[in-house]
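J.: In case you want the letters, here they are:
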Amino acid sequence: MKTRRISLRTFVAVQLLVTAAFAVSYAGLSHESEERLQAALTGHEVVSNIPVERVKPLCIDPLYDDPEVVSDEQLAAVLEKILPRFSPKELKPNFVEHALRTWGVEATFDDPRAISGIALRDVLIDHGHFLQSWNEETVPLLVDRPEGISIRYDRTSGGSVHHDHWLASLTEAGISRDEPVFAPARRDMTINDVLQEAARDFRLDERETEWSAMAFGLWLPPVKTWRTADGRQISFDLLAQRLLRGHKRFGVCSGTHRVYSMMVLLRLDDDFDILSDATYDTVYAHLESVRDAIVASQLEDGSWPSNWPSGADAAANPLDEAVYKKVIATGHHLEWLAIAPKELHPPHEQILKAADWAINHTVERPESGIRKQYTFYSHVGKALALWRGTQPAHFWREWRKAHPYEPTKTDAAEAGRSTGSDLPTDSPSNH
Amino acid sequence: MSTTLPEVEAPISEPQSPELPDATYLEDQTPDWFKTPRSLFGFTTVIGAIYWIFSYRPLWHTDLWGHLSYGRLLWQGQRLPSTEPLMPLSSGVPFVDTAWLSQLIGYGAISAFGIPAMQFLYAGSITLCVALLAWRFFRRTGNTWISIAGLAAFVWLNWQQLFVIRPQLAGLVCFVSLLVMMTSRHWSRANWVVVPLLFALWANLHGSFPVGLAFLGCLFVGRACDVAWKTRSLGSIVRDTKVKRYFLLAELAAAAALLNPYGLALYAEILSVSGNANFADLVEWEPLTLRMRQGWAAAAIAMALMFVYRRTPRRVSTAEVLLLLGFGAATLWISRMIVWWAPVAAYYLVLHGGAVWKRHRSRRPLAEPPTRRSLWSVVSLGSIWIFFAYTPFGITVLHGSNERFERSVSTETPVEAVKYLNEYPPVGQIFNTYEWGDYLTWAGPKSLQVFVASHVHLVPREVWQDYLAVINVSSGWEGILDRYSVNTIIVDPLRREALIDRLRRDDQWTLGFEDNRAVVFNRRNPI
Numbered sequence: 002m003k004t005r006r007i008s009l010r011t012f013v014a015v016q017l018l019v020t021a022a023f024a025v026s027y028a029g030l031s032h033e034s035e036e037r038l039q040a041a042l043t044g045h046e047v048v049s050n051i052p053v054e055r056v057k058p059l060c061i062d063p064l065y066d067d068p069e070v071v072s073d074e075q076l077a078a079v080l081e082k083i084l085p086r087f088s089p090k091e092l093k094p095n096f097v098e099h100a101l102r103t104w105g106v107e108a109t110f111d112d113p114r115a116i117s118g119i120a121l122r123d124v125l126i127d128h129g130h131f132l133q134s135w136n137e138e139t140v141p142l143l144v145d146r147p148e149g150i151s152i153r154y155d156r157t158s159g160g161s162v163h164h165d166h167w168l169a170s171l172t173e174a175g176i177s178r179d180e181p182v183f184a185p186a187r188r189d190m191t192i193n194d195v196l197q198e199a200a201r202d203f204r205l206d207e208r209e210t211e212w213s214a215m216a217f218g219l220w221l222p223p224v225k226t227w228r229t230a231d232g233r234q235i236s237f238d239l240l241a242q243r244l245l246r247g248h249k250r251f252g253v254c255s256g257t258h259r260v261y262s263m264m265v266l267l268r269l270d271d272d273f274d275i276l277s278d279a280t281y282d283t284v285y286a287h288l289e290s291v292r293d294a295i296v297a298s299q300l301e302d303g304s305w306p307s308n309w310p311s312g313a314d315a316a317a318n319p320l321d322e323a324v325y326k327k328v329i330a331t332g333h334h335l336e337w338l339a340i341a342p343k344e345l346h347p348p349h350e351q352i353l354k355a356a357d358w359a360i361n362h363t364v365e366r367p368e369s370g371i372r373k374q375y376t377f378y379s380h381v382g383k384a385l386a387l388w389r390g391t392q393p394a395h396f397w398r399e400w401r402k403a404h405p406y407e408p409t410k411t412d413a414a415e416a417g418r419s420t421g422s423d424l425p426t427d428s429p430s431n432h
Numbered sequence: 414m415s416t417t418l419p420e421v422e423a424p425i426s427e428p429q430s431p432e433l434p435d436a437t438y439l440e441d442q443t444p445d446w447f448k449t450p451r452s453l454f455g456f457t458t459v460i461g462a463i464y465w466i467f468s469y470r471p472l473w474h475t476d477l478w479g480h481l482s483y484g485r486l487l488w489q490g491q492r493l494p495s496t497e498p499l500m501p502l503s504s505g506v507p508f509v510d511t512a513w514l515s516q517l518i519g520y521g522a523i524s525a526f527g528i529p530a531m532q533f534l535y536a537g538s539i540t541l542c543v544a545l546l547a548w549r550f551f552r553r554t555g556n557t558w559i560s561i562a563g564l565a566a567f568v569w570l571n572w573q574q575l576f577v578i579r580p581q582l583a584g585l586v587c588f589v590s591l592l593v594m595m596t597s598r599h600w601s602r603a604n605w606v607v608v609p610l611l612f613a614l615w616a617n618l619h620g621s622f623p624v625g626l627a628f629l630g631c632l633f634v635g636r637a638c639d640v641a642w643k644t645r646s647l648g649s650i651v652r653d654t655k656v657k658r659y660f661l662l663a664e665l666a667a668a669a670a671l672l673n674p675y676g677l678a679l680y681a682e683i684l685s686v687s688g689n690a691n692f693a694d695l696v697e698w699e700p701l702t703l704r705m706r707q708g709w710a711a712a713a714i715a716m717a718l719m720f721v722y723r724r725t726p727r728r729v730s731t732a733e734v735l736l737l738l739g740f741g742a743a744t745l746w747i748s749r750m751i752v753w754w755a756p757v758a759a760y761y762l763v764l765h766g767g768a769v770w771k772r773h774r775s776r777r778p779l780a781e782p783p784t785r786r787s788l789w790s791v792v793s794l795g796s797i798w799i800f801f802a803y804t805p806f807g808i809t810v811l812h813g814s815n816e817r818f819e820r821s822v823s824t825e826t827p828v829e830a831v832k833y834l835n836e837y838p839p840v841g842q843i844f845n846t847y848e849w850g851d852y853l854t855w856a857g858p859k860s861l862q863v864f865v866a867s868h869v870h871l872v873p874r875e876v877w878q879d880y881l882a883v884i885n886v887s888s889g890w891e892g893i894l895d896r897y898s899v900n901t902i903i904v905d906p907l908r909r910e911a912l913i914d915r916l917r918r919d920d921q922w923t924l925g926f927e928d929n930r931a932v933v934f935n936r937r938n939p940i
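Heads up: the sequence lines are chains A and B, in that order. Taking the working numbering, the leading residue of the first sequence gets 2, the next gets one more, and so forth. Taking the working numbering, the leading residue of the second sequence gets 414, the next gets one more, and so forth.
Excised from the complex, chain A in its bound form (with noise of 0.2 Å):
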């Protein structure tokens, strides 16, 4: 039989008809789907930039200036306790991102031994700074990525614990985000560079994502839903979700950062409209449950146990558990009550019973014992300020207007001398 020759008139023909129908239709993709074409194509995730548009992030005001629950004397008598008098060397980022996130990056100390918020904040961000306080064999705590700088976190030495603490703390903190970052390589990097690179490599399901979760809450808003960089649409609904999956219990300090993230989104809906109607009602339904279990839970001096999520029974049968523990539930849960409505508060006389046992250990707790645990202490700290409807770092300049600083024997002796091996490298930091 014979064949029917192909002209080149129906090849050239076949050959733009082809073209034209790819053309088309990678035009009228959407920009979501050319980014994942490319990424499929190359092997490697494309994600655009998540447009932020605040250079500082926004901050969740306290809600209550309550002299009840706490004096000024009192918040002064804690806060002088929590200054962030850390040894220069081998300064932990955990600390370091605790003392930041209590006394904002603009506080300045009258006391020689406490560094300043400026000072913390680089060796954070700056590679040259940590180095100086490490040295060249630890493992750099910023990681140069392809497009962006992600941050080292594991419990190994010089790295941060918890997964985007660095970013919430230093976002807590008042940052920038033109703010430079300098990684081992890259100088040209800001914090909206390891915003967005936290944004594209985070995980929904991972452990830990209350942190995430308030650093993209306080910078991102009024964007609503992002994408990672494995595609997933990320939203403050789905965060929330997370939020509340699993019992009170699980969680980093025993479960009571989720309460204060939740808190936080809460509260940046009600400008942001960042959750859905029926999300709000579950999470706030979810925090009632919290006050309940909180309500019930309290024991005797004032505290809140570990387990407070077993209500009555946490409180009918305490815990034979390390003061610590304590210090950690009753920090945390004061904290995102000062910032939470009064119908999530548990009793006043509660609040007052709590807060009194806090400020009265805080202060007769010695200075080497804070040292070893500040992260908990922070909490108390800054939790403490916020029920002043203040922060640590205004309220401590106020303070020392009126009440200046007067340097003791011991301060001048310390000042003088290198104090590293006061910061022991066991002390338990579970945060």
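Certain hints may be false.
Claimed, not checked - Sample of chain A residues at the chain B side, in silico, Cβ under 10 Å: (1) F12; (2) A41; (3) D206.
Stated by the list, open to error - A partial selection of chain B residues facing chain A, derived with a Cβ cut-off under 8 Å: (4) V506; (5) L661; (6) E664; (7) A668; (8) L677; (9) A678; (10) A681; (11) S685; (12) R896; (13) Y897; (14) S898.
Simulated from the structure, these hints should not be mistaken for lab results. Note that beta-carbon positions come from the ideal geometry of N, C-alpha and C, so glycine has one too.
Mind docking chain B on chain A? Use the hints.
T.: Showing chain B alone in chain A's frame:
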């Protein structure tokens, strides 16, 4: 049909009543077009039997119900969701529905005719594949028995794959149609239209259309190699009409596949899905081994192929080597690829087997050509009717509803357990075996939050690993259930005995329901 009786005298030895003429003298006066060879009856019987057998096969408990759930969602929502809509733990995961049309068809069918419609679609798809192959086999060999042997090879190779009713069956029909068109002795001008249309349909029925493109690619490359080898000239490749034909057809097919709701993004999805790490934990995505039944089938057919290739008098084209080795390698890499290798292997087995047999027979006197009689047409039509009428769908169409649900679904379908869940709807997250996620989504309470389902590529990696940890009772499995706020667990006693045993001994869990198919545990103090 009109049959007249000639006037003949009745034999003397066998006196009969005068009004009853001797049937042995009936003359076939039906038109020639109605007369068919006996082989047609043979094929009808085989194909009809296949239809009948698969019509009575219980519907498999995985995949089908998930696809029907997506179909229901599409029908009710009137749009394609952009993120995974059925598994709460996969919220936000991008969702490209590569089988939306199959799902809609399936949902439409079950809505109209109930379960028998699913049995019909299932058996009908397989029967269509077999019928197309039978036609092609017979047209190429003219040998009924070898053709039936080829069909047997096809069914044997795909036996396990054919257990499951899913859109892949629609893809298989498309693939077999393509194979049948491309292996015709004569090129039809209609192919220029039919093949692109087939790909446009295929791209909407199932995401397997790239297999068809690979098939056309093999034909193109194979033909180009043959031409280059024969002429020792690369220029002749460009001038060869068949080379150009395959090339252009592949291009047009690729372009036609863009006619889907996602356009070019469908290609991206298929490229990325195949590399999903979760698949590594599924048996059908494992390499083919002799420990699998289909591995034995593949080994046997491969040996048969070697035998016929060793003896065949036919010229072996490069294209068929590429197809057999390419699809064969893919099957060795991922066992479920056998679904595509099976028709290719069966076809070339028949083609060369037929050639070997013909050479063998040529040494003997030629058999008489088969006689064509209307009898075979009538008997074939009758058998088609019987095979149709005595199936669940036939009974439903002819006699009204015939739904015997429990007999229609596989014995591993947790029918009674789901009734229990509907009676006592779980609050919050449940934990279920992935095989049941689909059925639970389809038949369970509306608010049911399944943990995972058979669309495992849509399950986030961490969730999937946690699922495996629990199902395998790995270290920390209890904590995982707590972390996901799981309040209800539904598992099968057949494969999850260890987990069930641990749950029975755990004070936190109480037994809610139990039968020989499923066990449901409820958390004593829900989270």
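J.: Decide, hint by hint, whether the structure agrees.
T.: Each hint tested on the structure:
no.: 1; hint: F12; in the structure: holds, 6 Å
no.: 2; hint: A41; in the structure: holds, 4 Å
no.: 3; hint: D206; in the structure: holds, 4 Å
no.: 4; hint: V506; in the structure: holds, 5 Å
no.: 5; hint: L661; in the structure: holds, 5 Å
no.: 6; hint: E664; in the structure: holds, 5 Å
no.: 7; hint: A668; in the structure: holds, 4 Å
no.: 8; hint: L677; in the structure: holds, 4 Å
no.: 9; hint: A678; in the structure: holds, 4 Å
no.: 10; hint: A681; in the structure: holds, 4 Å
no.: 11; hint: S685; in the structure: holds, 5 Å
no.: 12; hint: R896; in the structure: holds, 4 Å
no.: 13; hint: Y897; in the structure: holds, 6 Å
no.: 14; hint: S898; in the structure: holds, 5 Å
Consistency with the previously given hints is maintained throughout, with no hint failing.
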